[in-house]
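Under numbering that gives the first Met the number 0, the residues of the sequence shown are numbered 0 to 81, in order.
Certain hints may be false.
Unchecked claim - In silico EDC-like pairs for lysine to aspartate or glutamate, Cα to Cα no more than 20 Å straight-line:
#1 Lys9 to Glu56
#2 Lys44 to Glu24
#3 Lys14 to Asp25
#4 Lys9 to Asp39
#5 Lys44 to Asp25
#6 Lys9 to Glu55
#7 Lys44 to Glu56
#8 Lys21 to Glu56
#9 Lys14 to Asp39
#10 Lys21 to Glu55
#11 Lys8 to Glu24
#12 Lys21 to Asp11
#13 Lys14 to Glu55
#14 Lys8 to Asp39
#15 Lys8 to Glu37
#16 Lys9 to Glu24
#17 Lys8 to Asp25
#18 Lys44 to Glu55
#19 Lys21 to Glu37
#20 Lys9 to Asp25
I should point out that these hints are in silico values taken from the structure, not numbers from a laboratory.
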Amino acid sequence: MSETGKKYKKHDYSKRLQIVAKVLEDHLPVSTVARLFEVDFMQVKYWVAMYSRYGEEGFRFHIRTVLGLGIPYFKAVANKVN
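Construct the entire structure; sequences and hints are all you get.
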């Protein structure tokens, strides 16, 4: 449990996509979708931002920014390998 007393849950890939679709395709407010699926408002907002910026790939990786470069880690690694 966190210091605030909230338990953190993992949400599977398909549920995250379903939640984001409700916001982006059905044009429902983030707060409404968060209540409907019983997910934290800020978490839904984050998923929508990640999907908007990186598409479905944004859900497949835990994205961190490479220090000093300002680009996502998974893109930096892909560019380094190629």
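Holds or violated: Lys21 with Glu37, Cα cutoff 20 Å?
Answer holds: Lys21 to Glu37 is near 14 Å, not above 20 Å.
Given the hint that Lys14 pairs with Asp39, does the C-alpha gap stay at or below 20 Å?
Holds - the C-alpha atoms of Asp39 and Lys14 are around 14 Å apart, at most 20 Å.
Would you mind confirming whether the straight-line C-alpha gap from Lys9 to Glu24 stays at or under 20 Å?
Violated. Lys9 to Glu24 sits at ~23 Å, over the 20 Å cutoff.
Satisfaction of hint between Asp11 and Lys21, Cα-Cα up to 20 Å
Holds. Lys21 to Asp11 sits at ~16 Å (cutoff 20 Å).
Are the Cα positions of Lys8 and Glu37 separated by 20 Å at most?
11 Å, holds
Can the restraint linking Lys8 and Asp39 be considered satisfied, given a maximum Cα separation of 20 Å?
Holds. Lys8 to Asp39 sits at ~10 Å (cutoff 20 Å).
For a C-alpha distance cap of 20 Å, please report whether Lys44 and Glu56 respect it.
17 Å, holds
Sort out whether Glu24 lies within 20 Å of Lys44, counting only the CA atoms.
15 Å, holds
Are the Cα atoms of Lys8 and Glu24 separated by 20 Å or less?
25 Å, violated
Are the Cα atoms of Lys14 and Glu55 separated by 20 Å or less?
The given pair, whose Cα atoms are some 12 Å apart, holds under the 20 Å limit.
20 Å Cα cutoff - pair Lys9, Asp39:
At roughly 12 Å apart (the allowed maximum being 20 Å), Asp39 and Lys9 satisfy the hint.
Just to be careful, I want the Cα atoms of Lys21 and Glu55 compared with a cutoff of 20 Å; is the pair within it?
Distance ~15 Å between Lys21 and Glu55 Cα, so the pair holds.
The earlier numbered hints that this structure contradicts are 11, 16, 17, 20.
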